[in-house]
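A.B. asks: Listed here are the chains, written in short residue letters.
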Amino acid sequence: MDVVNQLQRQFIDYSASLHREGFLDDQFTQLQKLQDDNSPDFVVEVASLFFEDCEKLINNMARALEQQQGVDFKQVDASVHQLKGSSSSIGAMRVKDVCIAFRSFCEAQNREGCLRCLQQVTHEYSLLKNKLQTLFRLQQQILAAGGSIPVVE
Amino acid sequence: MRVERVISDENDSFPVGMRVLAVDDDPTCLLLLETLLTKCKYNVTTTSQAITALKMLRENKNKFDLVISDVHMPDMDGFKLLELVGLEMDLPVIMLSANGDTKLVMKGITHGACDYLLKPVRIEELQNIWQHVIRRKKFDRKDRNGSGSQDKPYIDSSEAAGLGNVDQNGKFNKKRKDQNEDEDEERDENGHDNEDLSTQKKPRVVWSVELHRKFVAAVNQLGIEKAVPKKILELMDVENLTRENVASHLQKFRLYLKRISCVANQQANMAAALGSVDSTHLRMGTMNGLGNFHTLAGTDQIHNAAFRSFQHSGVLRRLNTPSGVGISGLPSSGLVQLSPVQNLGNTSTNQSKLQSFVIPGNHNANILQGMPMSLEFDQLQNNRAASHVGQFPSVDNTTVLPVSSISASLIDAGCSSSPLLGVTSNSLLLEGSSQLPTLHARNLRDSVSGFPNRSTLSDFTSIAPASNQLHGSKADIQDQASPISCNAGKIISSAPQDWNAPKKDAPYQSNVPSCSINSLRAVNGDMAWLGQCLDQNNPIFNRNVGFDFVDPLSIKFSEGENLAMEPSVIEKEGYLMVQPSRQGSYIPDNEDENFAMEPSVIEKEGYLIVQPRRQGSYIPGNLGSLEDLASAITKQDHDKGKPTDGDFGYNDYSLRTCI
Numbered sequence: 001m002d003v004v005n006q007l008q009r010q011f012i013d014y015s016a017s018l019h020r021e022g023f024l025d026d027q028f029t030q031l032q033k034l035q036d037d038n039s040p041d042f043v044v045e046v047a048s049l050f051f052e053d054c055e056k057l058i059n060n061m062a063r064a065l066e067q068q069q070g071v072d073f074k075q076v077d078a079s080v081h082q083l084k085g086s087s088s089s090i091g092a093m094r095v096k097d098v099c100i101a102f103r104s105f106c107e108a109q110n111r112e113g114c115l116r117c118l119q120q121v122t123h124e125y126s127l128l129k130n131k132l133q134t135l136f137r138l139q140q141q142i143l144a145a146g147g148s149i150p151v152v153e
Numbered sequence: 001m002r003v004e005r006v007i008s009d010e011n012d013s014f015p016v017g018m019r020v021l022a023v024d025d026d027p028t029c030l031l032l033l034e035t036l037l038t039k040c041k042y043n044v045t046t047t048s049q050a051i052t053a054l055k056m057l058r059e060n061k062n063k064f065d066l067v068i069s070d071v072h073m074p075d076m077d078g079f080k081l082l083e084l085v086g087l088e089m090d091l092p093v094i095m096l097s098a099n100g101d102t103k104l105v106m107k108g109i110t111h112g113a114c115d116y117l118l119k120p121v122r123i124e125e126l127q128n129i130w131q132h133v134i135r136r137k138k139f140d141r142k143d144r145n146g147s148g149s150q151d152k153p154y155i156d157s158s159e160a161a162g163l164g165n166v167d168q169n170g171k172f173n174k175k176r177k178d179q180n181e182d183e184d185e186e187r188d189e190n191g192h193d194n195e196d197l198s199t200q201k202k203p204r205v206v207w208s209v210e211l212h213r214k215f216v217a218a219v220n221q222l223g224i225e226k227a228v229p230k231k232i233l234e235l236m237d238v239e240n241l242t243r244e245n246v247a248s249h250l251q252k253f254r255l256y257l258k259r260i261s262c263v264a265n266q267q268a269n270m271a272a273a274l275g276s277v278d279s280t281h282l283r284m285g286t287m288n289g290l291g292n293f294h295t296l297a298g299t300d301q302i303h304n305a306a307f308r309s310f311q312h313s314g315v316l317r318r319l320n321t322p323s324g325v326g327i328s329g330l331p332s333s334g335l336v337q338l339s340p341v342q343n344l345g346n347t348s349t350n351q352s353k354l355q356s357f358v359i360p361g362n363h364n365a366n367i368l369q370g371m372p373m374s375l376e377f378d379q380l381q382n383n384r385a386a387s388h389v390g391q392f393p394s395v396d397n398t399t400v401l402p403v404s405s406i407s408a409s410l411i412d413a414g415c416s417s418s419p420l421l422g423v424t425s426n427s428l429l430l431e432g433s434s435q436l437p438t439l440h441a442r443n444l445r446d447s448v449s450g451f452p453n454r455s456t457l458s459d460f461t462s463i464a465p466a467s468n469q470l471h472g473s474k475a476d477i478q479d480q481a482s483p484i485s486c487n488a489g490k491i492i493s494s495a496p497q498d499w500n501a502p503k504k505d506a507p508y509q510s511n512v513p514s515c516s517i518n519s520l521r522a523v524n525g526d527m528a529w530l531g532q533c534l535d536q537n538n539p540i541f542n543r544n545v546g547f548d549f550v551d552p553l554s555i556k557f558s559e560g561e562n563l564a565m566e567p568s569v570i571e572k573e574g575y576l577m578v579q580p581s582r583q584g585s586y587i588p589d590n591e592d593e594n595f596a597m598e599p600s601v602i603e604k605e606g607y608l609i610v611q612p613r614r615q616g617s618y619i620p621g622n623l624g625s626l627e628d629l630a631s632a633i634t635k636q637d638h639d640k641g642k643p644t645d646g647d648f649g650y651n652d653y654s655l656r657t658c659i
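Each protein sequence line maps, in turn, to chains A and B.
The numbers in this note's numbering rise by one with no breaks, and the one at position 56 of the first sequence is 56.
The numbers in this note's numbering rise by one with no breaks, and the one at position 408 of the second sequence is 408.
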């Protein structure tokens with residue numbers, strides 16, 4: 001019991017901090033709300049998909065930006081656009097914000113700027129991934145201990 | 001909003017179970033969307049590829065109620081998918097994008113999206129999407145019903161109003177507009193109570209290229225005259241296709257053919273027609289006669305000769321009498337060839353008679369026969385406003401011609417399908433108003449292309465009688481013209497099967513007057529007037545009654561090229577006609593059985609024939625030589641043809657004198 005409560009408290013605190021720091025936004029909360037008995041692992045599933053997708057897109061962007069002959073900014077832009085879409089869908093606010101900046105560099109066809117953004121995106125993505133993994137671990141622990149995931153408002 | 005039992009599989013629980021197809025290449029978003037939609041209790045199917053989505057939709061048009069699609073997709077642009085879905089399946093589509101740029105949103109809406117959502121999409125937004133389905137269904141329903149049973153053009157917002165609480169939104173209109181080419185045919189919806197949602201389940205039939213090909217093959221196999229919806233349906237052997245669907249499609253097809261054949265037949269027919277015009281009757285029974293007219297159209301000489309052959313007086317007289325009118329199918333077919341008629345304009349007296357003969361370019365040849373074309377013919381020849389079919393007025397010599405010449409000119413005009421044109425021209429001739437010619441030309445052309453002029457012929461015949469009456473009175477002509485057009489329209493639109501029977505009394509006769517002139521004019525697209533004609537049982541026709549309509553069906557239109565054209569034409573252009581500018585004449589309530597089809601004609605925007613104004617311009621592609629003719633006719637005709645104020649505008653025509 002204590003363990004469960006403790007874990008739950010940890011969970012709540014951690015969630016709150018993630019929100020506070022801008023890693024997650026309201027959309028993530030919505031996702032959590034969608035999780036129910038019918039889809040108990042919904043949030044984890046979506047997050048996993050997001051990570052996969054994110055990696056793929058980042059690789060695409062890196063490849064496109066590395067082209068010495070000429071960067072295909074359209075392609076980069078398309079990737080960024082998609083990343084923006086998925087990050088906003090999952091609630092990855094910081095990632096999304098970087099994407100917005102990234103897009104304007106793409107439009108300006110600014111390779112340097114794009115590369116910088118790419119770096120930032122990669123960084124944010126890694127951070128988020130770690131944090132979410134921690135959060136999910138906590139969730140698992142709570143469930144394992146017989147508790148239920150508290151809803152964080 | 002009053003939510004009635006709608007479409008969904010679970011009858012009374014809509015929107016629960018509404019079937020949504022979600023398309024997004026981003027797996028994260030797709031999963032999210034799926035979950036959200038499921039949460040809203042919809043029945044969700046997902047795919048990450050637009051091509052797959054299209055395939056699924058095409059497999060079974062009835063499978064989904066709504067589509068949600070991302071804008072940026074690698075295999076196909078979301079807007080393209082949107083358009084295709086809208087055209088082919090007529091389903092509501094919601095766009096989804098992370099980019100909320102106004103320009104993009106505008107693009108989405110202009111491409112026909114019902115809504116444009118921004119990512120991340122929220123559940124609240126998705127909870128309301130079922131409204132789009134209801135709206136569309138209701139509008140469609142209204143649309144169909146309206147066209148069938150009401151006068152209101154389907155776009156009419158009044159219909160929407162009828163929908164009760166459903167918001168009339170511009171989307172409906174847009175949908176219709178966007179779907180000009182869409183050949184949804186839910187004729188069987190006609191008369192169906194809008195409120196009866198059970199019918200909403202009926203899928204709208206979309207005439208895809210393959211389906212249409214099958215249809216054409218079936219029609220060819222049966223022979224255009226014998227092509228009745230029931231048999232066509234059997235031959236086609238397509239599931240979920242009803243006789244009504246086929247019937248309405250056939251109607252349109254006939255118009256198309258008429259239009260095409262009109263042009264083709266004009267020349268050939270004119271000559272023959274003129275020669276064969278039999279004063280005794282207008283029995284247009286044989287299109288061939290009319291066909292001749294078509295050919296006549298081109299040549300003055302021919303006309304003269306042909307007309308002369310008519311027993312002028314006798315013919316004329318006959319023309320006046322309904323029997324003489326034989327124009328029966330005139331309108332549609334070759335009548336367009338009236339180019340000689342153009343000259344006719346003057347054959348006021350005789351011509352008027354001729355007018356009755358609807359020179360259905362192709363088919364109407366027969367009709368013309370009855371017409372006292374001889375008289376007018378001469379005139380027609382002289383006047384020949386070549387380009388414009390309607391120009392009967394100028395016909396000096398060919399007074400008699402009215403009929404023949406008219407037809408000739410009409411035919412020349414391009415057989416444009418609108419048999420009505422023929423009629424109108426006739427009537428015009430009668431009055432001497434050149435307006436007819438123009439109309440005719442156009443109509444004929446249109447009608448010709450549209451239908452197997454047969455039907456129009458009947459119209460014409462009916463018109464012919466009317467024309468008799470018109471004698472001397474422009475109004476009459478116009479009326480006749482209208483009826484003719486109406487009739488023609490009717491004939492055409494009405495169940496094809498009925499074409500065989502000269503509908504003399506039917507639609508056209510009674511009320512035609514109203515219909516048509518405007519309708520004729522408008523009919524450029526054939527259809528337009530058809531619809532109109534249909535509505536109005538041309539009273540005029542009644543008068544003349546006598547004529548036998550050449551059963552449009554019997555009139556063989558030059559199938560060859562017509563058919564060839566059809567897929568493309570029918571599918572998109574053919575039906576494209578814009579709404580007939582029913583200037584008042586359109587009488588939606590189909591008094592006549594023929595009208596039944598009307599709505600469909602009008603409805604499908606595509607069909608509505610364009611305003612007849614285009615004298616001679618309608619001829620669809622394959623006109624070939626006819627084009628020359630037509631263009632020639634048109635040129636002259638053009639100006640005259642302009643109907644003014646809603647009537648045939650015959651005022652301009654010199655036809656006044658005629659008939």
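Source of the hints: derived by calculation from the structure; they are not laboratory data.
Among the hints, erroneous ones may be present.
To be verified - Subject to a maximum C-alpha distance of 20 Å in a straight line, what follows is the list of computed EDC-like cross-link-like pairs (lysine to aspartate or glutamate): (1) A:74 / B:101; (2) B:103 / A:107; (3) A:129 / A:37; (4) B:39 / A:26; (5) B:41 / B:59; (6) B:39 / A:77; (7) B:39 / A:41; (8) A:74 / A:13; (9) A:56 / B:25; (10) B:41 / A:25; (11) A:33 / B:124; (12) A:74 / B:75; (13) B:39 / A:107; (14) B:41 / A:36; (15) B:107 / B:75; (16) A:74 / B:125; (17) B:103 / A:45; (18) B:231 / B:210; (19) B:39 / B:124; (20) B:39 / A:36; (21) B:39 / B:75; (22) B:41 / B:101; (23) B:41 / A:41; (24) A:33 / B:34; (25) A:131 / A:37; (26) A:33 / B:125.
A.B. asks: Look at each hint and say if it fits the structure.
C.D. replies: Hints and how they fare:
1. A:74 / B:101: holds (17 Å)
2. B:103 / A:107: holds (16 Å)
3. A:129 / A:37: violated (25 Å)
4. B:39 / A:26: holds (18 Å)
5. B:41 / B:59: violated (24 Å)
6. B:39 / A:77: violated (32 Å)
7. B:39 / A:41: Holds: residue 39 of chain B and residue 41 of chain A sit about 15 Å apart, inside 20 Å.
8. A:74 / A:13: violated (41 Å)
9. A:56 / B:25: The given pair, whose Cα atoms are some 13 Å apart, holds under the 20 Å limit.
10. B:41 / A:25: violated (26 Å)
11. A:33 / B:124: Within the cut-off at roughly 13 Å; holds.
12. A:74 / B:75: holds (15 Å)
13. B:39 / A:107: Since the Cα atoms of residue 39 of chain B and residue 107 of chain A sit roughly 38 Å apart, the hinted pair is violated (cutoff 20 Å).
14. B:41 / A:36: With Cα atoms ~14 Å apart, residue 41 of chain B and residue 36 of chain A stay inside 20 Å; holds.
15. B:107 / B:75: holds (19 Å)
16. A:74 / B:125: violated (31 Å)
17. B:103 / A:45: Roughly 34 Å between the alpha carbons, so the hint for residue 103 of chain B and residue 45 of chain A is violated.
18. B:231 / B:210: With Cα atoms ~18 Å apart, residue 231 of chain B and residue 210 of chain B stay inside 20 Å; holds.
19. B:39 / B:124: holds (11 Å)
20. B:39 / A:36: holds (10 Å)
21. B:39 / B:75: Violated, at about 29 Å.
22. B:41 / B:101: violated (30 Å)
23. B:41 / A:41: holds (19 Å)
24. A:33 / B:34: Holds - the C-alpha atoms of residue 34 of chain B and residue 33 of chain A are around 15 Å apart, at most 20 Å.
25. A:131 / A:37: Not satisfied, since the Cα-Cα distance of roughly 24 Å exceeds 20 Å.
26. A:33 / B:125: holds (16 Å)
Violated hints, in rising order: 3, 5, 6, 8, 10, 13, 16, 17, 21, 22 and 25; the structure is consistent with all others.
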